[in-house]
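Residue numbers (the numbering used here), protein chains in the order written: chain Z, 1 to 109; chain X, 1001 to 1112.
Just so you know, these hints were derived from the structure itself, not from any lab.
Small disclaimer: the values here were computed from a predicted structure and weren't measured.
Take these hints with a grain of salt, some might be off.
[What the hints assert, rightly or not] Below, simulated PhoX-like cross-link-like pairs (lysine-lysine); rule was C-alpha separation at most 20 Å, straight line:
{"id": "1", "chain 1": "X", "residue 1": "K1003", "chain 2": "X", "residue 2": "K1071"}
{"id": "2", "chain 1": "X", "residue 1": "K1057", "chain 2": "Z", "residue 2": "K96"}
{"id": "3", "chain 1": "Z", "residue 1": "K96", "chain 2": "X", "residue 2": "K1053"}
{"id": "4", "chain 1": "X", "residue 1": "K1070", "chain 2": "X", "residue 2": "K1057"}
{"id": "5", "chain 1": "Z", "residue 1": "K96", "chain 2": "X", "residue 2": "K1018"}
{"id": "6", "chain 1": "X", "residue 1": "K1071", "chain 2": "X", "residue 2": "K1053"}
{"id": "7", "chain 1": "X", "residue 1": "K1003", "chain 2": "X", "residue 2": "K1018"}
{"id": "8", "chain 1": "X", "residue 1": "K1013", "chain 2": "Z", "residue 2": "K96"}
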Amino acid sequence: GIQVEQSPPDLILQEGANSTLRCNFSDSVNNLQWFHQNPWGQLINLFYIPSGTKQNGRLSATTVATERYSLLYISSSQTTDSGVYFCAVWGTNAGKSTFGDGTTLTVKP
Amino acid sequence: DVKVTQSSRYLVKRTGEKVFLECVQDMDHENMFWYRQDPGLGLRLIYFSYDVKMKEKGDIPEGYSVSREKKERFSLILESASTNQTSMYLCASSPGHGASIYFGEGSWLTVV
Chain Z
1 GIQVEQSPPD
11 LILQEGANST
21 LRCNFSDSVN
31 NLQWFHQNPW
41 GQLINLFYIP
51 SGTKQNGRLS
61 ATTVATERYS
71 LLYISSSQTT
81 DSGVYFCAVW
91 GTNAGKSTFG
101 DGTTLTVKP
Chain X
1001 DVKVTQSSRY
1011 LVKRTGEKVF
1021 LECVQDMDHE
1031 NMFWYRQDPG
1041 LGLRLIYFSY
1051 DVKMKEKGDI
1061 PEGYSVSREK
1071 KERFSLILES
1081 ASTNQTSMYL
1091 CASSPGHGAS
1101 IYFGEGSWLT
1111 VV
């Protein structure tokens, strides 16, 4: 099946700093999503982005499907950005999504 | 907004008990999923369903079963709970193949 790798596994930032999270995948995809899991465990949809670039406030994402990667940018980070960020892809020939192992982000005040 | 509701947020059950975790979605989505999440192991798919009365095994179906009698409801069943099934369980739904996935708030299950 499709492999999904996220990097870095852990990231510690000072409030106000910018960061880039990466998601690599091993095969062509129909769908790619970024999620933020908050400290209470809920997974919040950030972006549905099988290709191209999207922005939502301080967050933006870019997926280059032909090169099989996606990037999530967080600018001017805040403590509320802390949590785990997951990338999930739905392979072209797959019946289900595959999740990466996540990047744990800690933003210090 | 899509709403995926899991019936219980926190449960404590005894070893050997039968446990039902219920999930309801309000957007007429075709697909529904059950995942479990454990520290260091990420999200692992237990079962999913494409339609009423249809189910497919995910990556870790052993010890679990599911039921989808109505389109909006997908139940996860632990026939005889064991301590290694202590985990957080996440339900999700999506309108179709390759579409956005929406998660419920999660159910924290402790088996003692």
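These are the hints, each one checked on the structure:
1. Between K1003(X) and K1071(X), the direct Cα distance comes to roughly 14 Å. Compliance with the 20 Å bound is thereby established for this hinted pair.
2. Between K1057(X) and K96(Z) the CA atoms are separated by roughly 11 Å; this keeps the pair inside 20 Å, and the hint holds.
3. Straight-line distance between C-alpha atoms of K96(Z) and K1053(X) comes to about 18 Å, which keeps the hinted pair within the 20 Å bound.
4. At most 20 Å may separate the alpha-carbon atoms for a hinted pair to count; K1070(X) and K1057(X) meet this at roughly 19 Å.
5. Restraint check for K96(Z) and K1018(X): the C-alpha separation of about 28 Å exceeds 20 Å, so the hint is violated.
6. Proximity of K1071(X) to K1053(X) is assessed by CA-CA distance (about 9 Å); at most 20 Å being required, the pair is judged to hold.
7. At roughly 27 Å between alpha-carbon atoms, K1003(X) and K1018(X) are farther apart than 20 Å, so this suggested pair is violated.
8. The suggested pairing of K1013(X) with K96(Z) is violated, with an alpha-carbon distance near 30 Å, which exceeds 20 Å.
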